[in-house]
Every structure is written in structure tokens, then in C-alpha cells.
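Modelling step: build the complete structure from the supplied sequences, incorporating the hints.
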Amino acid sequence: MASDAAEAPFFQKRRLQGGVVVKDPPKFDLESYISNYDGFTRIDRLHHIGSHSPYLATDAYRTSIAEAKQGKNVKLYLALVEDYSQIAPNDPAALIDTAWAEEKTRKVQNEQDKLEHELKSYKNNLIKESIRMGNEDIGHFYYACGDWGNAHKAYLRMREHCTSTKHLADMTLRLVFVSIAQKSWMTVQSNLAKVDAAQLKGEEKTKLDPLLSALTGLAHMCLGHFREAATSFVNTSPAFLTAEPAAGIKWQREVLTGNDIAVYGGLCALASMDRTELQNQVLANNDFRNFLELEPHIRRAMNLFCSSKYSACLEVLEGYRNDYLLDVYLSKVVANIYGRIRTKSIVQYFIPFSCVTLEEMASKFQPTGEYASIEDELEAMINDRTLNARIDLVDRLLISPPTNPRYNVHSAALSMAQQYDHTLQLRLTRLNMLAAGFEIRPEKSGHSRDNAPSSFGEGLGAGLRGLGSKMGLS
Amino acid sequence: MAAELLNGLLAFQPDSPEVKDKREYDRQAREFIDSLHKYNPSAFLKGADTPQDPLSVLDPAVNSIAYAFTLRLRIHNAIEKNNTQTLKPGNALWNNLVRFLESFDPIQMRYAGSEYKKLVEYVEQIARGLDTPALALSPIRSAMLRLDPTTGCFTTAHLNFIRLCLESRSYAVALPILDNHIHSFPTVIQNSLRESTEYFVPCADPVISGEFIHTRSGHSDKVTLAEVQEYYVLGAMAYIGARQFKNAHQMLEHVLVIPTTGVANGLMLEAYKKWLLLGCLVNHTTQTPRTASTNAIKQIRSTAKAYDALVEAFSEFNNLPKLKAQVAAGREIWAEDGNTGLVEELVQHQSRSYVSQLSKTFSAIPVSKIAGSVGGNIDETTAFVETLIETGYVNGRLERSDKPDVGAILRFYLDPTQGPLAKSEKQQQLGLLEQTERTNRLAEQVKDADFRLSITKEYIEYLKRQNKKLAPGGGGDAMDVSWDHDDEDMMGDLR
Numbered sequence: 001m002a003s004d005a006a007e008a009p010f011f012q013k014r015r016l017q018g019g020v021v022v023k024d025p026p027k028f029d030l031e032s033y034i035s036n037y038d039g040f041t042r043i044d045r046l047h048h049i050g051s052h053s054p055y056l057a058t059d060a061y062r063t064s065i066a067e068a069k070q071g072k073n074v075k076l077y078l079a080l081v082e083d084y085s086q087i088a089p090n091d092p093a094a095l096i097d098t099a100w101a102e103e104k105t106r107k108v109q110n111e112q113d114k115l116e117h118e119l120k121s122y123k124n125n126l127i128k129e130s131i132r133m134g135n136e137d138i139g140h141f142y143y144a145c146g147d148w149g150n151a152h153k154a155y156l157r158m159r160e161h162c163t164s165t166k167h168l169a170d171m172t173l174r175l176v177f178v179s180i181a182q183k184s185w186m187t188v189q190s191n192l193a194k195v196d197a198a199q200l201k202g203e204e205k206t207k208l209d210p211l212l213s214a215l216t217g218l219a220h221m222c223l224g225h226f227r228e229a230a231t232s233f234v235n236t237s238p239a240f241l242t243a244e245p246a247a248g249i250k251w252q253r254e255v256l257t258g259n260d261i262a263v264y265g266g267l268c269a270l271a272s273m274d275r276t277e278l279q280n281q282v283l284a285n286n287d288f289r290n291f292l293e294l295e296p297h298i299r300r301a302m303n304l305f306c307s308s309k310y311s312a313c314l315e316v317l318e319g320y321r322n323d324y325l326l327d328v329y330l331s332k333v334v335a336n337i338y339g340r341i342r343t344k345s346i347v348q349y350f351i352p353f354s355c356v357t358l359e360e361m362a363s364k365f366q367p368t369g370e371y372a373s374i375e376d377e378l379e380a381m382i383n384d385r386t387l388n389a390r391i392d393l394v395d396r397l398l399i400s401p402p403t404n405p406r407y408n409v410h411s412a413a414l415s416m417a418q419q420y421d422h423t424l425q426l427r428l429t430r431l432n433m434l435a436a437g438f439e440i441r442p443e444k445s446g447h448s449r450d451n452a453p454s455s456f457g458e459g460l461g462a463g464l465r466g467l468g469s470k471m472g473l474s
Numbered sequence: 001m002a003a004e005l006l007n008g009l010l011a012f013q014p015d016s017p018e019v020k021d022k023r024e025y026d027r028q029a030r031e032f033i034d035s036l037h038k039y040n041p042s043a044f045l046k047g048a049d050t051p052q053d054p055l056s057v058l059d060p061a062v063n064s065i066a067y068a069f070t071l072r073l074r075i076h077n078a079i080e081k082n083n084t085q086t087l088k089p090g091n092a093l094w095n096n097l098v099r100f101l102e103s104f105d106p107i108q109m110r111y112a113g114s115e116y117k118k119l120v121e122y123v124e125q126i127a128r129g130l131d132t133p134a135l136a137l138s139p140i141r142s143a144m145l146r147l148d149p150t151t152g153c154f155t156t157a158h159l160n161f162i163r164l165c166l167e168s169r170s171y172a173v174a175l176p177i178l179d180n181h182i183h184s185f186p187t188v189i190q191n192s193l194r195e196s197t198e199y200f201v202p203c204a205d206p207v208i209s210g211e212f213i214h215t216r217s218g219h220s221d222k223v224t225l226a227e228v229q230e231y232y233v234l235g236a237m238a239y240i241g242a243r244q245f246k247n248a249h250q251m252l253e254h255v256l257v258i259p260t261t262g263v264a265n266g267l268m269l270e271a272y273k274k275w276l277l278l279g280c281l282v283n284h285t286t287q288t289p290r291t292a293s294t295n296a297i298k299q300i301r302s303t304a305k306a307y308d309a310l311v312e313a314f315s316e317f318n319n320l321p322k323l324k325a326q327v328a329a330g331r332e333i334w335a336e337d338g339n340t341g342l343v344e345e346l347v348q349h350q351s352r353s354y355v356s357q358l359s360k361t362f363s364a365i366p367v368s369k370i371a372g373s374v375g376g377n378i379d380e381t382t383a384f385v386e387t388l389i390e391t392g393y394v395n396g397r398l399e400r401s402d403k404p405d406v407g408a409i410l411r412f413y414l415d416p417t418q419g420p421l422a423k424s425e426k427q428q429q430l431g432l433l434e435q436t437e438r439t440n441r442l443a444e445q446v447k448d449a450d451f452r453l454s455i456t457k458e459y460i461e462y463l464k465r466q467n468k469k470l471a472p473g474g475g476g477d478a479m480d481v482s483w484d485h486d487d488e489d490m491m492g493d494l495r
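Those protein sequences? They're chains A and B, same order as listed.
Taking UniProt numbering, the leading residue of the first sequence gets 1, the next gets one more, and so forth.
Taking UniProt numbering, the leading residue of the second sequence gets 1, the next gets one more, and so forth.
Please note: incorrect hints may appear among the correct ones.
[Stated by the list, open to error] Each computed BS3-like pair below joins lysine-lysine, with the alpha-carbon atoms no more than 27 Å apart: (1) A:Lys364 / A:Lys27; (2) B:Lys469 / A:Lys364; (3) B:Lys369 / A:Lys364; (4) A:Lys344 / B:Lys117; (5) B:Lys457 / B:Lys469; (6) A:Lys23 / A:Lys13; (7) A:Lys27 / A:Lys309.
Quick caveat, the hints were computed from the structure, so don't treat them as lab data.
This is how it looks when you write it as C-alpha cells:
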């Protein structure tokens, strides 16, 4: 079945567009994996898995289509069925249930009218609390329909009717929630900052803090700021695992689970921290240990990295690459993260050596296919200055260049002095010119001025033309 | 009459004991010049070609003022009467002129500025008249260097000299003058100040040329901004001709920092275009000097887009075809701006940079690998690399491998203290010491410029206003740019 699906027109099209298609089966079991999630992210994740893995496509799409039919998001349903019909056209689930869709659209429209009508009457009554709740209801409704833009607007309209800091925080969290669904991470970040700045006190604050740090980490990771992401994830309190719903959202089911935090945090840390930092800030971190216990292989990879067994570490990670490609948030950045870990491993590996053969490097770090050969990869690393080494293509060696600090300091001093000297000369010229009253002024009225520099310049320019080519350079 | 004149001419003896005092010297020299002006010009013409000829009696190195007067009038007369025969190189007057310019007493000539200027101009005129401008170069240069060893005060002679150099393509001759940067312009110094201050006795020594060359000393015509700009641009071109690209690049920056009210002029545009190209040849940066007017640069940039595109193509080291295409696309532009030669140089330089960049990545690489990127077969590339090593672009050596089908190998020296480009610590130290000296000299010049500023009318008026504001006791001290030797003696431990 898997091979059939891999050849389906849907995946062929994806490949043509340069999209990722994960050929091999992942390590996780779809059903138990997806049972950790609720709400929109459940369908979103199923959709992602279905569209990336031919192996799981059928199961994922069937489940997601069935789920979509329970909700109000007709557009999502149609899109899912459309995709699925290109994978398994003969499956009954691949046929659009037109009657249901029409019926649902009508119902949704009715509900929208009703909610808007209610809001209008609230507004007439001028009761702030009612207006706030009216807007919130509309926001929830749009969210359920998958209309993120309108949901965002509706939640935003609640602002002026919020009467307590808790309301304000709830509203902002709702905005965060919508923005995550939109995958617009900048908005997520700015809203998270607003929640952080809202002056919550005592219990409320302790309740929200783990959430905030986890979400900040997520936003940073998706924006490619791995270092910040790692710090946020690592400092997430284990209270996250048991936190009560905030703003009516069960974040650890509807956005990311503790397992996700372990994986995301671990990978980001591996990608951005050096060995001592990993040891002190991550492995020795009691809070993060709770998360790491959920994903022992990440912990193992980190341990291996810290004990300088880079190839074993990369091997462990490589084994899970497929899983991570099927994760809705990781899939876009996983290649980048893996690349960084690999580069860092190579750099760390090379530090104690003065000379390593290229064959040895190639066997320690199996080429990933991104580069044609290990020397190309090393060349790229040297060129972007992540690796301080030279390649000997003749004897096939990687050589650590000798350093001569005394010489370097001397030549740096000399060049700096020359630079300053020249700068000072320029300043002096300028100062002298100012003192002598030399200044280029815009020409006002033609050529009456005896000191009309620009027209003179042009005349001279004409006279000089061709001189350069005559000067024996050509 | 002739004898009387001769006595008059010999009246001023710079070595005599009574003029030891500088102020006395100053007074006598001025009086002497005034007395010379009183003679009838025709008196100087008598006695030519006789043993009593003032030109043979007077020694140009001792009686420089008198000699200059006589010589000027003689040449003037010869030109007036169309008697150019004696002026021709090899003949009497020309020989006298050259001998004078190469041996005059610089201190005396500080007083006879207009004679100096005239004589220098005569050399140029005669040489031009004979269609051999190159003949004038060496006398003019020695005259300039004699008068002012720093040649740092801009005069019209500078511009004329560099024009001559370019016309006769004698770039190397221009270098000693160009290497001395311009540290001042002839300034207006108020008479009252000049006469009452010890500082302004022109014969004082040591003295900076900016002090005795001023708007009234006669050494130079009134200098205009366009002339200064032209000097810098032409100077840069001479540097280019001598293949000293770094100096040329720095020279052009002087044009870019010219004060402006936000507009640029044609010479600035010329300079910018060449500056961009040279930037690629020198260090691959296109960062304009900080003091340059951003508005003016913006204007220039919008009219020099073709050059920007060229620079961009150049920066992709591995993409020779792109650069070549850009060069071909703009061929007319380069030709019109007179930059074809530089652009060609750029094309060649890209391959050179490519090879020298390799040293940052590789310690040894077979030439066959390079051949593909440089464009050429292996033998050509080997020869190319060889010339690069010889000309000092690459710190490496070529090796023949004993392995078959590897061919020649380019091996770079990893340690900067090895290989043909290596510098010993001694050399480095010497370089540092030289630089220290240059910097100290420059600091002196800055101090001097600062002094000149502090005696301008504007500054004094500003000070007056400040003093009024600050009430008694408060004073606006002049900006302190004094160079504290003790603090800056960082190189002390190297000595």
C-alpha cells in the first residue's frame, strides 16, 4: 500500500514542487501519537503527516477527514478530501459529501448571523462585559470555522471592553492561539510579550509562566532563532505538564505536548550551545530533566555530544530525522538544525587535532547528501569561517593552520595605524578645504559664476576621456 | 652701470654674520627685493655673454634672489624678442634655468615667490613649446622639492606638474610628489598678524610650508576647488599608471570628502567611478569615507549604476563569465569614461583574487582544479599561478608531484612568517617605526592646521563672543590637539 501511495499523483506533484516527501516509515505509531493532541492542531498534524508521508497518508487522511466532518470548517474538509482523492481515489472517504457540506455551510451562516445579532443587541445595551463576551463568542466561532483573520479581529475587539488584567491576559492568549494557527510567529512573539508585560500577580502569573516560556520557545524556533528557543524551552517549568487550561485552551494538548518541548528544546540546544553549556544548562537542569525523561533518545544524543562521541550522536539524531520531518513545526527547520549540529560536531571534533585525513573525516561524519563529498562540505565550512582549517587536496588532509599571534598583532597594528593615518589625512584635507572656503554649491543660474565647478568638471571629464585606456593598462 | 648693478645684486649675502638673527635676515631680504625692483629691467639685460655677466658671476645657490631676478628678466626678454634659440635645451639660458632650479637656496626663494613661480612656468612653457614636455619634469620636481621638502602646500605648480606627467606618461616621476600628501592650502593671513608675529618670519626654520606659501607670497596663483580636485584625480591616475592601486584609491577618497552642500560635481563623479573600480582591486570594500556627504554620494551613485553592477559581478569570485558579460555590456560606458583599462584590469584581477582566496581554504591544491575556474588549460594556469607567486599576489610555491596524473601542485604557506611574502619581525618592526614617524609628522601638520584655524577672523570673532557669554574668567581655549609623546609611546618596548 505504501508504495502505491508514494506513486500517487499527489506526491509526484509535491516532489516536482520541491516539497519534502518522507519515504521511510517513521518510528512512531500514528494512533498513539495523535491521541496526545486535541483541537485544531490534531487535524493540522494529521494533514501534515498525510501530505508528507506516503506510508501514513491513508490513515492520516481518513482520520482527519472524519474529524473535519465533526467540526465547522467546511473549507478544510474540502481541501482534505481534494488532497485525498489524489492519493486514494477509490476510497469512499475521498468523495465529497456535498449534502453535508451544503448543510453545514448553511448552519454556519445561520450561526454567524445569530452571533452578530446578539452582539448588536449587547452593544445597544452598553454593558461592557456582555460586549466582551459577544466578541469572544464570535472569535471562538470564527476560529472553529478556520477563518483566522476574522477570529483575530474579533478577539482584538475585546480589548477595549476588558475590565480586568485577567481578561486582558486571556484575550492576548487567544490572539496567540490564533496566530499559532496562522503560523505567523512574529505576531505570536509580540502578543506573548504583551502577556508578559500585563501585570498579573501571584497565582495567575505562576500559572501562565510555563506556558509563556514554552510558546516563546516555539515562536523562536520557527523563526530560526535556535539559541533563544533553546533558552526558553530549557527554562520551561515542568508545571507545564499539569497546567490547567488558560483562557479556555488546553495548551499542552492543543498546541504542543511535553514530548514536543523535550524534542524542540533538545534539538535547539544541540544546535546552538557548546559542550559545557549543554552540560551545565541543559543536562544538569532539574526542570528540563522532567521533559527529557519523556524523550530518552534526545537525552542520549546530548550525552553523546557532551562526551565527544559526535558520530554516534549524529547517528541517533539521523534515526529520528523522519519523525521530525513529520512534525508540523519542526519539519521546516529540521534540516537547518541538523546541519548546525553536524557543523558544530565537525568543528568540535577537529579542535584537538592538528591534522586529520579526509577519509577519516568522511568515515566519522557520513555525508548526508547535501554536499557531493566531505571535502566540499569542509570547504563550505571553511569559507563561511565556521571551521578554522585548510584542506590539502593532494595528500587529502585537513590541516589546522599554525597560529602566530605575535606576527598577527604586529601586522594588525600596522594596518590599523595606516588606516588611522589615512583617515586623519582625509579629515585634514576636509578641514583645510573648509578653512579655505572650498565647497561645492549647487549651480544657481547658468554659467555666470567664475567658479562654476560642475561645468568645469564636465569639460575636464571630456578632456580626460580615453586617457585611461591610453595609459598602457589595456 | 653694469658694475653698479652687480654690486647691487651682491648686496645681500645670506651667509654674512650680521644676518644670523632671523628677524634681521627677514628685514634685509625684504629690503633687498625692494631694491631690486627699483632697477630698470633693461639693466639686467646688459652684460650678457661677457665675463661681467651677472649670471656667471652670481652663484645660484648663494645669491638665489638676485639670480632669480636676472634669470627671469633674461628669459622674459628672450621670449619677447622671439629669440628662442638660447632657450632651447642644451643652450645657455636653459642650462642656467635648470641649474638654478636644481640648486637654489630654499630660504631665499621663500621671499621671491613670484620669481620662483615665473621660472617654474618658463620651464614648462619652453618644454611644451618644443613638444617635449618630459624635459620639464625633473627641473620642476627638484624645484618643488627644494622649496618645500614636504610639497604639502598645494600650489598651481602641483597641478601643472601632474598634468605634464600625465601628458608625457611619466608616472614614476610623479610619485615622489604624490606620496607627500597635501596638508595645507595657501591661506589668507592678515598682514597685521604676519608682520607682528615671530612665527611668521618666513626664513625661520624649521618651518612648515603652509606658513611661507600664502595667498600673497607669490608662489602660487589663487587656488580653486576645481584645481584641487583635478590634482587629486590626475594624481590618482598617475598612481594607476604606476600600478599603485592602493595609493590611487586613497587619493580619490580625498575628492569624495570635499565639503559640499549636498551636491556633487563632475570631478567627484569621475573620482567615484574610478574609486569603485580601484576598491575592487585593493580590498573589495565599497565603504565610502565617513566624512563624505551622504547626499552627494547618493547623487553620484544614481548616475554610476553601471559601475555598481560591475562591482557586484566582481564580488562573485567564482563567476568569471558574469563579470565578462557585465564588462561587455558596458563597453561603451567604460570607453567614454576612460576607464576601459581599469575595467580590463578588474577582469584579470578576479582570477588573481580567486587564487589568493584559495589560500584561505586550502593548503595544497592541484593546478588542474584551479584551471576550470580561471578559464584556461593546465599549462596556461600553471604559468599564470607562477606569475602570481612571482608578483607577490600569492604566498605559496609550485610543486611537481611524483604521482602520475596529478601534475603541478600549488602549495600555500600557512605560516605568515614563511614563504616569499613573509616578513621578518625586524621588517615588521621597521614598518611600525616608519609608521610611527609618519603619524607624528601628520600630527604636527594637524597641529599646524589647527593653529592656522585659530588665527582666522571667524574663529577670533567666535572666541570674542564666547568670552562675552562666559563673563570674566571663562575663556575658550583653543582646541587641544597636542601630541603627547609619553602617552602614545606604545612601540617603546619594540625598540
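Each hint tested on the structure:
1. A:Lys364 / A:Lys27: Measuring from Cα to Cα gives roughly 25 Å; hence the hint holds.
2. B:Lys469 / A:Lys364: 77 Å, violated
3. B:Lys369 / A:Lys364: 26 Å, holds
4. A:Lys344 / B:Lys117: 69 Å, violated
5. B:Lys457 / B:Lys469: It holds: about 18 Å lies between the C-alpha atoms, which stays within 27 Å.
6. A:Lys23 / A:Lys13: OK: Lys23 of chain A and Lys13 of chain A at ~15 Å, within 27 Å.
7. A:Lys27 / A:Lys309: With a Cα-Cα distance of about 23 Å, the restraint between Lys27 of chain A and Lys309 of chain A holds, given a limit of 27 Å.
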